[in-house]
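Q: One-letter residues, chain by chain:
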Amino acid sequence: MTLRLRGVHLAYDGAEVVRGVDLELRPGELVGLIGPNGAGKSSLVGLASGIVRPKAGRAELEGRPLQRYGRRELARKLAVVPQSPVLPRGFLARSVVSMGRAPHLGFFASERVLDRRVVEEAMRRTDTWRYRDQPVESLSGGERQRVVLARALAQQPSWLLLDEPTTHLDLRFQAEMMRHASRLAAEGLGVLAVLHDLNQAAGCERLVLLDRGRIVADGTPNEVLREPLLARVFATPVQVRPGLRPVVLPG
Amino acid sequence: MNDRAGWPVLRRWTVRGASLLSVTVVVAVALTVGSVSTSPSEVAVAIAHGLRGRSDGALDLIVWQVRAPRVLLAATTGAALALAGTAYQAVFRNPLADPYLLGAASGAGFGATLALVYGASNAWLGQLGVSASAFLVALATVVAVVMLARRGGRLPVVSLILAGVVLGSSLSAATSFVMLADRERTAGVLAWLLGSFSFASWRDLALLTAGLIVAVPGALAARRAFDLLLLGETSARQLGLPVELFKWTVVLVATLLTAAAVAVAGVIGFVGLVVPHAVRLAVGPEHRELVPLSLLWGAAFLVLADLVARTLLAPTELPVGIVTALVGGPFFLLLLRHGREAT
Amino acid sequence: MVGFVSLVSKRLVRMLPVRPARAALAAAALVVLSAAAAQGPVVDDLGREVTLAAPAMRVVAMVPSHTETVCALGACDRLVGVDMFSDHPAQVGSLPRLGSAFDPDLEALLALEPDLVLTDEYSGLAEALRPLGIAVYAGTPQTIDEIWEVTYEVADLLGRRSEAALLVGRARGRLAALSNTVEQLSIPSVFVELDASPYAAGPDSYLGELLDLARAENIVPAELGAFPLVDPELVVARDPDAIILLDAPFGESAASVAARPGWSELQAVRNGAVLELSQAQVNLLTRAGPRVADALETLIELLEAVRP
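Chains as they are written, first to last, in the numbering used here: chain A, 1 to 251; chain B, 1 to 343; chain C, 1 to 308.
Read the hints as simulated data drawn from the structure, not as lab findings.
Just so we're clear, the structure is a prediction, and the values are computed from it rather than from any experiment.
A portion of the hints provided could be inaccurate.
Unchecked claim - Selected chain C positions facing chain B (in silico; Cβ < 8 Å):
(1) Ala53
(2) Asp87
(3) Pro89
(4) Phe102
(5) Asp105
(6) Leu110
(7) Glu113
(8) Tyr122
(9) Ser123
(10) Gly124
(11) Ala128
(12) Leu132
(13) Val230
(14) Glu233
What the hints assert, rightly or not - Quick list of simulated restraints, FRET-style, between CB atoms:
(15) B:Val165 - A:Glu24: 27 to 37 Å
(16) B:Pro156 - A:His168: 42 to 52 Å
(17) A:Arg226 - B:Val166: 53 to 63 Å
(18) C:Phe250 - A:Glu137: 21 to 31 Å
(19) B:Pro156 - A:Gly63: 56 to 66 Å
(20) A:Ser110 - B:Leu281: 40 to 50 Å
Glycine included, every Cβ here is placed at the ideal spot set by N, Cα and C.
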């Protein structure tokens with residue numbers, strides 16, 4: 001019961017962006033995906049969510065190849081919080097979150113009591129229920145990000161992919177977002193978070209370091225956040241203060 | 001900061017009911033007003049006769065054969081154009097999209113021109129007639145635009161718009177060129193292009209109604225999908241929407257509807273553009289209300305516009321496309337200003 | 001039958017390149033037609049048969065030339081409604097106005113309960129009226145020969161055949177006589193302008209035919225069609241003796257023509273041979289109808305001053 005990429009390759013315009021990646025995500029895990037810009041992190045999210053098909057290799061969810069899943073079926077299992085979500089003007093927060101119920105509803109089906117309850121729960125968990133009747137454009141960046149997270153939760157997924165969920169957020173909201181992610185993993189979801197900030201990433205129980213399309217490290221933060229490795233991958237000297245939760249500083 | 005509370009069921013149905021009522025009232029008024037004055041009871045009698053297939057005299061003829069198809073055609077055309085506009089605005093995620101974006105108007109204009117100018121000398125064209133010719137060329141144009149814009153199996157929105165603009169301009173130029181060939185008929189072409197319901201027939205109405213019967217249930221079913229598209233194609237896909245298939249289907253159906261509307265009524269602008277915006281202003285952008293209300297308000301708007309077109313300067317008629325432009329243009333400007341201030 | 005032959009002969013006549021031969025053939029055809037006075041169904045320019053149980057008594061005319069034809073046939077009292085451009089003869093001024101063929105007031109038209117509507121073949125009015133069970137004749141004369149045909153066809157629908165024969169005979173006689181008066185005169189080259197684009201009247205148009213009968217040369221070649229949009233260079237190159245402005249009622253004048261690049265040097269401009277027509281003259285010269293002889297007379301008078 002895993003989300004698994006096996007030997008996947010991906011190329012854009014002839015340039016290889018993912019070269020032979022093997023990655024496994026287990027339920028209840030919070031995995032941080034790190035690496036420099038252009039390393040292929042977002043592409044991996046695309047591969048893992050089935051949006052993009054690998055040139056070679058396979059993407060499998062719970063033992064089945066992703067393309068064997070019906071679109072809606074997949075959306076009921078796996079949710080993505082994109083990097084810069086587009087939120088249409090004029091929509092109430094609650095309406096946006098309700099869109100997460102789409103995979104569970106057919107064309108003509110109206111929302112049922114069950115759907116409204118799931119939406120409410122998702123919003124309460126992300127602390128967005130109090131903005132439910134406000135138009136999304138009146139919310140702050142952090143509030144909006146949480147609304148999108150609520151939408152993903154409304155899908156009732158078992159797997160959650162977060163693509164740079166903390167970029168553009170205030171410090172306070174960054175920490176909050178990571179706490180949400182941890183809690184969701186604790187509740188049994190398999191969570192993959194693409195993270196820019198290495199110190200935030202240090203809070204994950206497992207890190208995967210990507211460099212130019214290849215995984216160069218996969219393990220606990222202490223195993224992965226090592227000075228020589230980071231210095232090589234990020235092409236800049238770094239200092240790592242070891243500890244229960246390592247701290248990374250520019251060298 | 002504002003508040004637009006999530007709509008309670010009562011409010012939803014009140015708005016829908018009020019809209020339906022308005023359309024009915026507008027249609028009733030339009031049936032009673034015309035260059036020959038008629039009282040409401042005379043109109044009712046004539047309609048009753050017409051429904052039973054009777055025709056007793058000029059009044060019956062006027063109300064049942066001239067006014068009724070005209071008013072109903074204006075209503076269905078308005079509904080069709082507003083629906084097509086709503087659909088295009090969702091698929092293209094662009095508030096400036098209107099039903100003629102992919103060249104349906106230019107195509108229809110060219111087809112109509114060919115029939116009007118060469119219809120007398122070319123037996124096949126003459127048989128086909130102006131409406132059918134307009135419809136076919138409109139359809140062919142959009143098909144050509146879609147083929148041009150295709151990238152692999154996908155329909156990128158930007159390519160569609162570009163191809164539509166390019167093909168549209170070429171066809172407009174071709175139309176002007178053909179018009180030069182015969183000055184006598186140029187007047188006829190211009191009149192057709194500006195849009196008019198003056199020769200509305202029950203047959204035209206049947207054609208358009210058939211189109212709506214196909215399109216409306218589909219549009220109502222697709223309301224959630226339209227909302228999803230507003231999140232961006234990737235997110236929509238991730239939420240389970242088969243985006244490419246959906247786009248193709250919407251473009252096809254909206255185009256059929258637009259081509260049918262143009263074929264029977266000429267090119268009437270602003271309805272497809274302005275009505276969805278007006279509805280959004282009043283009730284918000286969610287398609288759950290937007291789709292049905294656009295249908296109703298589009299119908300009412302065009303019936304009113306046609307009423308004004310045929311009574312303002314009686315006994316001459318204004319082309320209805322001019323009335324919609326005169327109303328729609330300033331309204332759209334107001335919308336733009338309101339939009340800017342709100343941000 | 002009469003209608004069918006007339007259709008076919010129209011086509012044949014147009015195919016012949018040589019004008020005198022065409023005139024001869026046309027005349028011959030017309031003699032045959034008049035002789036075959038069997039009252040067959042009338043076929044209009046859209047190829048539709050127009051059949052009436054009895055001669056029409058309530059007639060609507062949506063084209064000025066039809067109005068004039070009906071009145072010339074002595075059936076003016078049968079007109080119940082006309083289009084807004086019909087202004088001749090004076091008595092139609094009191095009739096209800098029904099818009100125009102392109103922009104008709106359908107309701108008012110139907111309220112008059114006509115048993116025959118005379119309209120043109122371009123506007124679509126015919127197609128709109130036929131399904132309503134109204135007898136419609138859709139056709140307008142585009143040439144002098146077609147005037148005779150249409151006159152006979154309308155006369156058949158009105159039951160005024162003998163009046164038609166008289167009318168046509170008299171008109172053709174006057175045309176021949178007028179033609180004779182100019183037989184020995186010099187031939188001016190003329191440019192007939194319809195509007196400032198410039199659209200011109202070619203030799204194959206009604207105006208072009210009148211010009212020919214008035215013994216003038218049209219500088220527009222026949223290959224360009226009946227109402228071509230010409231290159232102004234053509235006018236400058238041919239330097240006509242006279243320019244006739246049918247767009248004078250819309251503001252064109254000798255002065256505005258002189259202001260066009262290169263046109264100030266034209267001999268017509270320098271000699272004051274730019275003829276500005278009045279609206280009445282324009283109507284006369286563009287409505288192919290019973291006043292054809294008056295039209296030719298007017299044209300001959302206009303050209304008198306400019307013959308070289």
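Q: Next step is simple, just say for each hint if it's right about the structure.
A: Now for the hints, and whether the structure bears them out:
no.	hint	verdict
1	Ala53	violated, 18 Å
2	Asp87	violated, 16 Å
3	Pro89	violated, 22 Å
4	Phe102	holds, 5 Å
5	Asp105	holds, 4 Å
6	Leu110	holds, 5 Å
7	Glu113	holds, 5 Å
8	Tyr122	holds, 5 Å
9	Ser123	holds, 6 Å
10	Gly124	holds, 6 Å
11	Ala128	holds, 4 Å
12	Leu132	holds, 5 Å
13	Val230	violated, 11 Å
14	Glu233	violated, 17 Å
15	B:Val165 - A:Glu24: 27 to 37 Å	violated, 49 Å
16	B:Pro156 - A:His168: 42 to 52 Å	violated, 27 Å
17	A:Arg226 - B:Val166: 53 to 63 Å	holds, 57 Å
18	C:Phe250 - A:Glu137: 21 to 31 Å	violated, 55 Å
19	B:Pro156 - A:Gly63: 56 to 66 Å	violated, 35 Å
20	A:Ser110 - B:Leu281: 40 to 50 Å	violated, 25 Å
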